[in-house]
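K.L.:
Residue numbers (this note's numbering), protein chains in the order written: chain A, 52 to 223; chain B, 27 to 354.
Treat the hints as calculated values from the structure; they're not laboratory data.
Quick caveat, the model's predicted, so the values are computed rather than measured.
Positions of the beta carbon are idealized from the N, C-alpha and C atoms, including for glycine.
There is no bait here: all hints are sound.
In silico DMTMM-like links for lysine to aspartate or glutamate, alpha-carbon gap of 20 Å or less: (1) A:86 / B:65; (2) A:170 / B:104; (3) B:249 / A:184; (4) B:249 / B:301; (5) B:274 / A:180; (6) B:249 / A:180.
Covered stretches of chain B (chain A as the covering partner; in silico rule of three or more C-beta atoms under 8 Å from a C-beta of chain A): (7) 28-40; (8) 68-77; (9) 93-106; (10) 112-120; (11) 126-139.
Each chain is listed here by its residues.
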Amino acid sequence: MSITVNGSTAQLPIDARVSLLDFLRDHLQLYGSKKGCNQGACGACTVLVDGERILSCLALAVQYEGRKITTVEGLAQELNEGNALHALQQAFIDHDGMQCGFCTPGQICSAIGMATEAKRGVPSYVSGDLAADVILTRDELQERMSGNLCRCGAYNGIIDAIRETLSAEGVE
Amino acid sequence: MTPFTYVRAGNTADALRLGAGGAAVYLGGGTNLVDLMRETVARPGTLVDVTGLSNTIDETDGGGLLIGAAVRNTALAEHRAVRTRYPVLARAILAGASAQIRNMATVGGNLLQRTRCSYFYDTDGSRCNKRAPGTGCDALQGINRNHAILGASAMCVATHPSDMCVALAALDATVHLQGGRGARTMPFTDLHRLPVDHPEIDTVLEPGELITAVELPPLEFAKTSTYRKVRDRASYAFALVSVAAALKLDGDRIEDVRIGLGGVAHKPWRASKAEAHLRHGPATEQAFRAAALAELADAHPLRDNGFKIELVTRTLIAVLGDLAGAAA
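Taking the hints into account, I'd like the entire structure generated from these sequences.
P.N.:
Encoded structure:
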């Protein structure tokens with residue numbers, strides 16, 4: 052039973068109780084994904100599975116056999132062999148999108164998954180017309196990122212960083 | 027977490043065989059069950075992963091939709107036919123949880139998620155008839171701001187937490203089941219139980235029975251439908267109350283209407299009395315208020331949740347007013 056994490060193959064644990072988050076942190080020593088609430092309320096453990104954002108604390112590692120996981124450690128690496136930051140990582144620095152930084156890996160993985168959803172046309176609760184093309188206004192970004200809490204309250208910087216990165220990609 | 031065996035079902039027959047043991051539980055996305063297991067509220071001996079089963083959304087011959095139980099919440103909300111023909115369903119799903127959780131959670135799992143009553147979760151300190159039958163209910167005299175005003179019993183005042191289910195109740199959905207004694211279907215509104223004397227039993231499912239699909243009937247006027255959720259913060263919180271509704275006007279009269287209420291009862295609440303009050307009557311604020319009062323005539327508020335009566339009334343008036351404007 053294997054799984055791919057940031058491009059490398061790893062063997063899944065024998066004990067089915069191990070969450071994907073504990074597997075990443077305790078078995079693979081990838082400490083980027085954070086254990087905030089460990090009950091699906093804070094988003095600090097957000098990782099990408101085949102490009103889709105999920106909460107690794109509510110996932111059993113064995114459920115994800117054969118899947119491709121990307122954590123914050125894998126973002127820069129996948130783009131350019133780790134020589135530079137992912138554009139969103141740099142934008143978080145430029146816009147003060149953090150204070151303590153604990154929620155940041157989850158915020159960044161979540162925003163990447165969010166952009167993919169928007170490009171695919173997934174609406175949100177605040178979308179006026181559910182059938183219309185997605186326009187990522189500030190209201191839309193706040194709603195779509197609401198699963199990631201920041202107790203320092205760096206939300207304005209976080210949204211600014213995401214907006215800048217998305218507009219550079221031509222999503223907005 | 028209590029140790030368990032994890033197995034993946036390759037097909038429905040496989041799932042039924044693996045799920046037949048009394049200690050087996052079906053696993054969807056795990057967003058509720060894994061948490062319940064970590065808190066030791068749930069202690070299954072075997073988890074049967076059914077996320078590899080039916081995960082397609084298909085048109086039915088009658089013009090409805092057949093939704094596989096393993097379809098993820100996001101996939102259902104983004105489906106073109108759901109967004110255009112049943113917007114109440116798409117919007118209800120999008121009102122629930124967070125995007126990360128919607129990417130994981132399945133339709134079947136959403137139906138079978140359990141109450142978020144804090145006394146139900148508090149294994150160390152609280153009495154709960156749903157978690158430990160016969161021990162009592164600490165919510166009854168406790169902090170019960172989030173609890174039920176309709177259909178509760180002296181044994182349990184918990185609410186059903188789902189948003190999606192409120193829309194399914196309003197849309198006359200049907201549930202497809204497979205069990206040891208074969209296949210059957212039932213109206214969605216019959217799936218969940220009121221607590222009565224056995225709040226530990228949430229649904230009428232037989233042991234080992236598996237939800238395979240949810241069917242939406244054709245409902246032309248559901249294109250004029252919406253879902254509104256009222257909660258303590260703007261996003262990512264469970265409902266205090268919610269309203270799912272679809273409306274069809276004939277001139278200034280109401281030809282037909284569907285209403286579901288969330289956050290008010292042990293099950294997704296179909297507001298049949300309000301509907302009967304409105305049908306063939308005027309689409310006015312006065313009529314909307316009278317319909318809410320008709321539905322809530324039997325409401326029994328607890329110490330902290332009396333506000334829900336007025337909140338349901340105002341939310342229903344606002345939702346029906348919006349739909350009347352859109353349908354005119």
